[in-house]
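Protein sequences appear in the order of chains A and B.
1 is the number of the first residue of the first sequence in this note's numbering; add one for each residue after it.
1001 is the number of the first residue of the second sequence in this note's numbering; add one for each residue after it.
These are computed hints drawn from the structure, not numbers from a lab.
Any given hint might turn out to be false.
[Said to hold, decoys possible] Okay, derived cross-link-like pairs now, DSS-like style, lysine-lysine, Cα gap no bigger than 30 Å in a straight line: (1) A:K3 x A:K69; (2) B:K1057 x B:K1013; (3) A:K69 x A:K52; (4) A:K3 x A:K52; (5) A:K52 x B:K1057; (6) B:K1057 x B:K1001; (7) A:K3 x B:K1013; (8) B:K1001 x A:K69.
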Amino acid sequence: DAKTTQPTSMDCAEGRAANLPCNHSTISGNEYVYWYRQIHSQGPQYIIHGLKNNETNEMASLIITEDRKSSTLILPHATLRDTAVYYCIVSEAGGTSYGKLTFGQGTILTVHP
Amino acid sequence: KAGVTQTPRYLIKTRGQQVTLSCSPISGHRSVSWYQQTPGQGLQFLFEYFSETQRNKGNFPGRFSGRQFSNSRSEMNVSTLELGDSALYLCASSPRLAGVLGEQYFGPGTRLTVT
Chain A
1 DAKTTQPTSM DCAEGRAANL PCNHSTISGN EYVYWYRQIH SQGPQYIIHG LKNNETNEMA
61 SLIITEDRKS STLILPHATL RDTAVYYCIV SEAGGTSYGK LTFGQGTILT VHP
Chain B
1001 KAGVTQTPRY LIKTRGQQVT LSCSPISGHR SVSWYQQTPG QGLQFLFEYF SETQRNKGNF
1061 PGRFSGRQFS NSRSEMNVST LELGDSALYL CASSPRLAGV LGEQYFGPGT RLTVT
């Protein structure tokens, strides 16, 4: 699986958009970009995933660059409850990656009042 | 729909003992993955089961094993416990659409402490 690079920590004001970047310059053509978050002492929570196109759901938007070497997770209106560790994961669709997510250190997002 | 459930939530064991953790996936999900989370190593993949077969395995010693039942419920077992096995053990289930890893839904975890 391709490796990812994320900033160690970020801050965001409540009500503002939180933009979390992720670099995955070695991503291959069949690898998806996944975002999960983990609020303290809870299991990770799936947010969104995509292959090439930008994706949006009720939680967030995922913007993937045209060369697919980086992506940005956008939380449009951050709340205090969005304070968590955010993980960007790149994983192929199947094969040896079946069921396996490789978590890095993630980005600690702190939302301030 | 009920989420992923794990039992027990907390467990204290002594070195050398063995332990069995249980995971009930979301109804209809046939893929179950297990992860270990420690402060030093972060979240690490243990293994994945689909239709009662282990399809993928992480880099853990043979003391860590698992199985899946016909109703998709899964158990993991750790034998001859070591202090370093103290961790949060997380189970995740996935609908596992054909050919795509898809999203995984995690349970709250079992906090294992080995003394």
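Query - Hint check, failures only - result: Violated hints (numbers, rising): 7 and 8; every other hint is consistent with the structure.
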